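Whole structure, please, built from the sequences with the hints as guidance.
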Amino acid sequence: MSVTYHAVGWSTFKKRYDLILWLGIVLFLVVFCGVSLFLFPKVTLEILLIRAFGSAAFLLLHIILCIGPLARLHRHFLPLLYNRRHMGVSLFILALLHGFLSWITYHAGGDLNPFVSLIVSDAGPGISRFPFQIFGVMALVILFLMAATSHDFWLVNLTAPFWKAMHMLVYAAYAFLVVHVVFGALQAETHGFLTGLVGGGMVVVLGLHLVSGWREHKPDNQPLDSRLDQGFIEACRVADIPENRARIVSIAGERVAIFKYDGKVCAVSNVCQHQNGPLGEGKIVHGCITCPWHGYQYLPETGASPPPFVEKIPIFKVKIQNGIVHISALPEIARDLC
Amino acid sequence: MIRPLRIRHRYIISCLTIIVPAVAVCGLLMRPERPIMQAHPEAASHHSHASGEKITFSQLKNVSISRVGHSAGIHIVNRGRLTYPDVLLYWTPEEPTDAWGPTSSSLLVGLLPDQGELSYEMGPILTSGGTWVIYSLGHKKLLDHSRNTFSF
Ligand code: HEM
Ligand code: FES
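Protein chains in written order, with the working numbering: chain S, 1 to 338; chain C, 1001 to 1152.
I should point out that these hints are in silico values taken from the structure, not numbers from a laboratory. Some clues are possibly wrong.
[To be verified] Taking lysine-lysine pairs in the DSS-like style, the calculated list, with each CA pair at most 30 Å apart, reads:
{"id": "1", "chain 1": "C", "residue 1": "K1140", "chain 2": "S", "residue 2": "K42"}
{"id": "2", "chain 1": "S", "residue 1": "K264", "chain 2": "S", "residue 2": "K283"}
{"id": "3", "chain 1": "S", "residue 1": "K283", "chain 2": "S", "residue 2": "K319"}
{"id": "4", "chain 1": "S", "residue 1": "K14", "chain 2": "S", "residue 2": "K164"}
{"id": "5", "chain 1": "S", "residue 1": "K164", "chain 2": "S", "residue 2": "K283"}
{"id": "6", "chain 1": "S", "residue 1": "K42", "chain 2": "C", "residue 2": "K1141"}
[As the list claims (entries may be wrong)] Label-pair restraints from in silico Cβ distances:
{"id": "7", "chain 1": "S", "residue 1": "I248", "chain 2": "C", "residue 2": "R1008", "range": "16 to 22 Å"}
{"id": "8", "chain 1": "C", "residue 1": "A1022", "chain 2": "S", "residue 2": "V116", "range": "40 to 46 Å"}
{"id": "9", "chain 1": "S", "residue 1": "L210", "chain 2": "C", "residue 2": "G1116", "range": "27 to 33 Å"}
{"id": "10", "chain 1": "S", "residue 1": "A188", "chain 2": "C", "residue 2": "G1069", "range": "31 to 37 Å"}
{"id": "11", "chain 1": "C", "residue 1": "P1021", "chain 2": "S", "residue 2": "R215", "range": "19 to 25 Å"}
{"id": "12", "chain 1": "S", "residue 1": "N322", "chain 2": "C", "residue 2": "R1008", "range": "37 to 43 Å"}
{"id": "13", "chain 1": "C", "residue 1": "S1128", "chain 2": "S", "residue 2": "G110", "range": "34 to 40 Å"}
{"id": "14", "chain 1": "C", "residue 1": "A1022", "chain 2": "S", "residue 2": "L48", "range": "42 to 48 Å"}
{"id": "15", "chain 1": "S", "residue 1": "G109", "chain 2": "C", "residue 2": "L1005", "range": "42 to 48 Å"}
{"id": "16", "chain 1": "C", "residue 1": "R1008", "chain 2": "S", "residue 2": "G287", "range": "32 to 38 Å"}
{"id": "17", "chain 1": "C", "residue 1": "R1008", "chain 2": "S", "residue 2": "E189", "range": "32 to 38 Å"}
{"id": "18", "chain 1": "C", "residue 1": "T1083", "chain 2": "S", "residue 2": "S36", "range": "31 to 37 Å"}
{"id": "19", "chain 1": "C", "residue 1": "S1128", "chain 2": "S", "residue 2": "L48", "range": "41 to 47 Å"}
Because the structure is a prediction, the values reported are computed rather than measured. Note that beta-carbon positions come from the ideal geometry of N, C-alpha and C, so glycine has one too.
Here it is, written out as structure tokens:
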């Protein structure tokens, strides 16, 4: 782990991102309510708020889902990646407000128990003949699990593979919410504006994922190079590596980050021990390879985090011949510094 | 991301790309046809051409129903104020009692206007006898009724 990294990163940067995030959310809510009141002056306060919070949450989910592929496609989007967790928690707060208001508005005033009403009310011959609200509840449960475990404490205690798998449920939440909106609000829509927005959002989210996934597919499927020579493989030219930064190469599908610093070259696994961030997109800060996602640090020669931290990443032997970097096809386990 | 995670990610996205748009299209195709209350096309300009046939009510003296030309449209005029909530006009084949409520054979025509006029398209039912019922949905109360005497 890095010396400067704190699990809850209330750095000036994060505070600024959070401020911009919440200013954006408040601006959206104000504009949404203003336009709604102009178009539908008779709308009641609770319906207005239900729609405003629901729409804000759905929009924020789209933004969050786009950040991953955008950061893969262009490094300018990387800073957004650092603030994604706080966006996720904000999304949950908005979704909770929407769900809770919908629940008390539509289900708390009748003879039925409000919980039972939530489950059975869409089954009849009413406005929606499909249980769209159950899908909203399922999505809300996923968003809650993700927000509640977003802290690094849970990443460590639940173990990274379980945590990652759980956070991939965000895609299920997205699918549930498309069902929630299409079988709910869009059933009564006649003019096509909202339908267009939901369809456009789907094209952007899925399109960006497909494009970035396709870009990564090619290097993943390259076989172990046939030019393998005495356990070493030709990787890149020294001149192609920017100073204090890395070039990422792929060996049999796994990525290796080759850094150049202080006239030296080293090769390490591209995968950060924290949350599998792409180390090769980070840079050398104070003599350490620094992960671009949350700032975990590793010494380039050994692959170990500087004491007192204990994380280690695999490193690869490096040979330079005629300005060409050759790296060992198999990694070494990181060596302890002391 | 490590390679197995990237592969799992690609797999999930491929499935989503097929399932989500397909479900969304199904949802849009399943949208129910909702009847929308519209002004009768002939009514506004032609109600002066009303056929002369007119139905009145014994209690609600301000309300009258006339036929729009020789079409299957009706024109309702209410010169008074409504004093009951959710007042609706029904057509029903049976003779209603005081305890009448909408049945499966009765037909909801639409709102009874409050100090105003409204027109509705009725179809063949217009000349098939039965009774016009004015009913307060809010109070579940029959307010008035009158036989349908429109004929060809
Ligand atoms: C307990 C869970 C939930 C319940 C009971 C619920 C209920 C509802 C209801 C009744 C509507 C229709 C409102 C109307 O048209 O007036 C609605 C619409 C909507 N919901 Fe939910 N919902 C839940 C969760 C969610 C979540 C988690 C999200 C997004 C993150 C969401 C996003 C939306 C959106 C975008 C709309 C359409 C808003 C509009 O009409 O402009 N819902 N929801
Ligand atoms: S520091 Fe979090 S993934 Fe590297």
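These are the hints, each one checked on the structure:
no., hint, in the structure
1, K1140/C / K42/S, "26 Å, holds"
2, K264/S / K283/S, "14 Å, holds"
3, K283/S / K319/S, "21 Å, holds"
4, K14/S / K164/S, "23 Å, holds"
5, K164/S / K283/S, "25 Å, holds"
6, K42/S / K1141/C, "28 Å, holds"
7, I248/S / R1008/C: 16 to 22 Å, "20 Å, holds"
8, A1022/C / V116/S: 40 to 46 Å, "31 Å, violated"
9, L210/S / G1116/C: 27 to 33 Å, "56 Å, violated"
10, A188/S / G1069/C: 31 to 37 Å, "34 Å, holds"
11, P1021/C / R215/S: 19 to 25 Å, "22 Å, holds"
12, N322/S / R1008/C: 37 to 43 Å, "40 Å, holds"
13, S1128/C / G110/S: 34 to 40 Å, "39 Å, holds"
14, A1022/C / L48/S: 42 to 48 Å, "33 Å, violated"
15, G109/S / L1005/C: 42 to 48 Å, "46 Å, holds"
16, R1008/C / G287/S: 32 to 38 Å, "35 Å, holds"
17, R1008/C / E189/S: 32 to 38 Å, "35 Å, holds"
18, T1083/C / S36/S: 31 to 37 Å, "33 Å, holds"
19, S1128/C / L48/S: 41 to 47 Å, "45 Å, holds"
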